[in-house]
Amino acid sequence: MGKTNFFSRLKEKMNKTRQGFVRQMDELLLGKRKIDEELLEELEEILVMSDMGVATVEEIFDEVRNKVKRHELQDTEALKDAIKALIQEKLSQPSTELTFENPEGPFVVLVVGVNGVGKTTTIAKLAHFLKAKGKKVMLVAADTFRAAAIDQLEIWGKRLDVPVIKHNPNSDPSAVAYDGMEAALKRDIDVVIVDTAGRLHTKVNLMEELKKIRRVMSKKIPNAPHEVLLVLDATTGQNALSQAKLFNEATPVTGIALTKLDGTAKGGIVVSIVNELQIPVRFIGIGEKMEDLRPFDPSEFVEALFE
Amino acid sequence: MFDNLSGRLDKVFKRLKGYGKLSEENIQEGLREVRLALLEADVNYKVVKEFIARVKERAIGQEVMESLTPAQQVIKIVHEELVSLLGGEAQGLNLAGQTPAVILLAGLQGSGKTTTAAKLARWLRSKGRRPYLVPADVYRPAAIEQLTTLGKQLDIDTHPTEPGARPVDIARQAVGKASMAGLDTVIIDTAGRLHIDEALMQELKEIKEAVKPQETILVADSMTGQDAVNIAKSFDGELGITGVVLTKVEGDARGGAALSIRSVTGKPIKFIGTGEKLDALELYHPDRVANRILGMGDMLSLIEKAQDTIDKKRALELQKKIKKDGFTLEDFRDQLRQLRKMGSLEQIISMIPGLAGKMKQFKHMMPDERELKRTEAIIDSMTLEERRNYAIINASRRKRIAKGSGTTIQDVNQLLKNYAQMQKMLKKMRKSKFKLPKGLMPF
Ligand SMILES: Nc1nc2c(ncn2[C@@H]2O[C@H](COP(=O)(O)OP(=O)(O)O)[C@@H](O)[C@H]2O)c(=O)[nH]1
Ligand SMILES: [Mg+2]
Chain D
1 MGKTNFFSRL
11 KEKMNKTRQG
21 FVRQMDELLL
31 GKRKIDEELL
41 EELEEILVMS
51 DMGVATVEEI
61 FDEVRNKVKR
71 HELQDTEALK
81 DAIKALIQEK
91 LSQPSTELTF
101 ENPEGPFVVL
111 VVGVNGVGKT
121 TTIAKLAHFL
131 KAKGKKVMLV
141 AADTFRAAAI
151 DQLEIWGKRL
161 DVPVIKHNPN
171 SDPSAVAYDG
181 MEAALKRDID
191 VVIVDTAGRL
201 HTKVNLMEEL
211 KKIRRVMSKK
221 IPNAPHEVLL
231 VLDATTGQNA
241 LSQAKLFNEA
251 TPVTGIALTK
261 LDGTAKGGIV
271 VSIVNELQIP
281 VRFIGIGEKM
291 EDLRPFDPSE
301 FVEALFE
Chain S
1001 MFDNLSGRLD
1011 KVFKRLKGYG
1021 KLSEENIQEG
1031 LREVRLALLE
1041 ADVNYKVVKE
1051 FIARVKERAI
1061 GQEVMESLTP
1071 AQQVIKIVHE
1081 ELVSLLGGEA
1091 QGLNLAGQTP
1101 AVILLAGLQG
1111 SGKTTTAAKL
1121 ARWLRSKGRR
1131 PYLVPADVYR
1141 PAAIEQLTTL
1151 GKQLDIDTHP
1161 TEPGARPVDI
1171 ARQAVGKASM
1181 AGLDTVIIDT
1191 AGRLHIDEAL
1201 MQELKEIKEA
1211 VKPQETILVA
1221 DSMTGQDAVN
1231 IAKSFDGELG
1241 ITGVVLTKVE
1251 GDARGGAALS
1261 IRSVTGKPIK
1271 FIGTGEKLDA
1281 LELYHPDRVA
1291 NRILGMGDML
1301 SLIEKAQDTI
1311 DKKRALELQK
1321 KIKKDGFTLE
1331 DFRDQLRQLR
1341 KMGSLEQIIS
1351 MIPGLAGKMK
1361 QFKHMMPDER
1371 ELKRTEAIID
1381 SMTLEERRNY
1391 AIINASRRKR
1401 IAKGSGTTIQ
1411 DVNQLLKNYA
1421 QMQKMLKKMR
1431 KSKFKLPKGL
1441 MPF
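Just so you know, the protein sequences line up as chains D and S, in that order. First residue of the first sequence? That's 1 in this note's numbering, and the numbers climb one at a time after it. First residue of the second sequence? That's 1001 in this note's numbering, and the numbers climb one at a time after it.
The set of hints was computed from the structure by calculation and includes no laboratory data. Among the hints, a few may not be true.
DSBU-like, lysine-lysine: derived pairs with alpha carbons at most 35 Å apart [what the hints assert, rightly or not]:
#1 245/D / 1417/S
#2 1177/S / 80/D
#3 289/D / 1076/S
#4 1076/S / 245/D
#5 158/D / 1177/S
#6 1046/S / 69/D
#7 289/D / 1046/S
#8 289/D / 1277/S
#9 211/D / 1046/S
#10 1205/S / 289/D
#11 289/D / 1177/S
#12 84/D / 1233/S
#13 80/D / 1233/S
#14 67/D / 1046/S
#15 1076/S / 211/D
#16 1277/S / 220/D
#17 219/D / 1373/S
#18 245/D / 1177/S
#19 1277/S / 1152/S
#20 67/D / 133/D
#21 245/D / 1403/S
#22 1403/S / 212/D
#23 1056/S / 69/D
#24 1046/S / 84/D
#25 289/D / 1152/S
#26 34/D / 1056/S
#27 1417/S / 212/D
#28 158/D / 219/D
#29 69/D / 1049/S
#30 219/D / 1277/S
#31 1205/S / 158/D
#32 1277/S / 158/D
#33 67/D / 1205/S
#34 1373/S / 212/D
#35 211/D / 1373/S
A few chain D residues that face chain S, going by a derived Cβ cut-off under 7 Å, partial list only [to be verified]:
#36 86
#37 172
#38 200
#39 202
Since we're looking at a predicted model, the values are computed, not measured. C-beta atoms are modelled at their ideal positions from N, C-alpha and C, and glycine is treated no differently.
My request is simple: use the sequences and hints to build the entire structure.
Given below as structure tokens:
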């Protein structure tokens, strides 16, 4: 996937979504306005409306106001760049690259998140993405709880032509996960992706269940899961931070997938999440089809916000 | 510990004691806190702005009532305005008119429509109606199977939707079928869709035109952020919704979306979804949602729950006793026992002011079965005097208690620490204006 291609598709998809945001930014910034308190407040409003969270926005604007005071920002263009840079700073962290490589055996991805955020769909997209890279992929249906969740993953498996390991509905998810690991070893799979039931992060017993799934997997494949992908819905507001924190406490999260960026929601809360928890965003979801997954790039993300 | 609005406002207004009137200057800072609280609760920025203006107008010039601090007075106004904006008491569904009555569910992807369809069917059946579930999501893989499975679980008839059919045809057909089968309420589950997806919004309009539902319900996730206004505006504008069901409320989201949705649509919130189980559907109560948005927890829901399970007479006795002697370790033990009966602890905690979202922190205070036994053993090993006055429990007593209960000194220390923390909480709660309701013990 070429960079321009990605960029233009992302922009195209995001365009719909960013209209409001972008238009406002342009109005504010291209109109050659003076940098004054009114302008700063309007910009603040835009960021708050992106769900970034008041605390983070205030942090950014404290810094921006300081720069203004120190006369470091000559015009609105410089102001815009300064805000972008500050957001981007928060989005960058010592990133561990997600290679999907495990020289010792299958690379295991455990996908977690609250109900309805797009876990199963993201798994399908991810499988599609990996297949295109020539990987041998297998899916594991460890959401044994939600009605027809296994069917849902199986249908994707058929569409993608990747095997799906499953048990009966309402069976023990760790048992499925275990079997999944075993099957992956046997069949010489490159990447196994384990789907789990949606669970609210505040449910202690369900968080314990996740820990157990994790433990069981690592018994079969050392160090598994190699990636714990937390799926977050861009439509979610401040609660996404609580989700990230509690999932991270239960089973250290190593990456985030941010879905539903094809809507009008901006998913600004990831800025706060990445900044606070130092967990990288790996992918974004921009639709319901298997092609609608993109690698996340902080600079492109911020760029797309402001263009 | 209580990072809720009342705590914050108290701080702000501490300096203002002695002011007889609320003036523009002295409430400005207070309103800043209100604004922050609302934004943190995900109320839309513009909605917050309007709301603050209203509160300010009402607050300025008011005499501070003697019984209230200025902070409490502002909270009172904020609370009243919130409740009035959040709408009247729950009305249930309005299914007068044609038979079979039709309920159309719509919303974004993953908002909880399918589960809500099944919950509504169950609720309606308990009210004596004969529901018919109609899966009309032909797009998402296994969406039809999902609702069919739920229908089976509930033993409620589900329409045998053909995966290839057009949603409009499915809806029309299903209504005919329900009518023939003598079923009086058709519940149509539709595919999740983005409010900006013109083709799919058109599809909904066509369904609505074809079956003329009495209720067109927007199913919205209570965790929704600023975008709630856009979503609600579009669905209402395109479809003309008659009400809202707010889902996933049992988590720790503050649910500001409720206020956003109400203020842009003016449509009533009818139900809240409080869990994955099919009986986890409750009528909406605006005051509870108001408390939650303000970070004051959902005390009323908690009380209701408590009243269902707690032996009222005993609770009252206990309350009296606590007033007289304070909250002793004996009461603590009693409370833990009572609490266990109320259901999952995290559910309860999530309803308590300031505790929602701090599960981890409080988990150690809320023993599980094993810990509970240990706690009981420890308290049982104390003398009556020790139970009534924990301050006398010195090192040698701790040693004795640990030995007697087969636990360690650390266990005893931990328990005493927890207990001390609860004492503090209790004191705080006693002081706050939001009095603990009768029958409910702050543990
Ligand atoms: N518009 C949009 N919808 C999505 C995206 N990702 C998932 N969905 C939809 O969200 C709904 C819930 O997804 P699902 O994968 O079942 O969520 P899960 O419960 O977390 O497994 C489905 O209708 C998906 O098609 C996305 O990036 N954009
Ligand atoms: Mg799923």
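- [ ] Enumerate the violated hints, using their earlier numbering and listing them in ascending order.
- [x] Failing hints, ascending: 2, 3, 9, 15, 18, 20, 21, 33, 36, 37.
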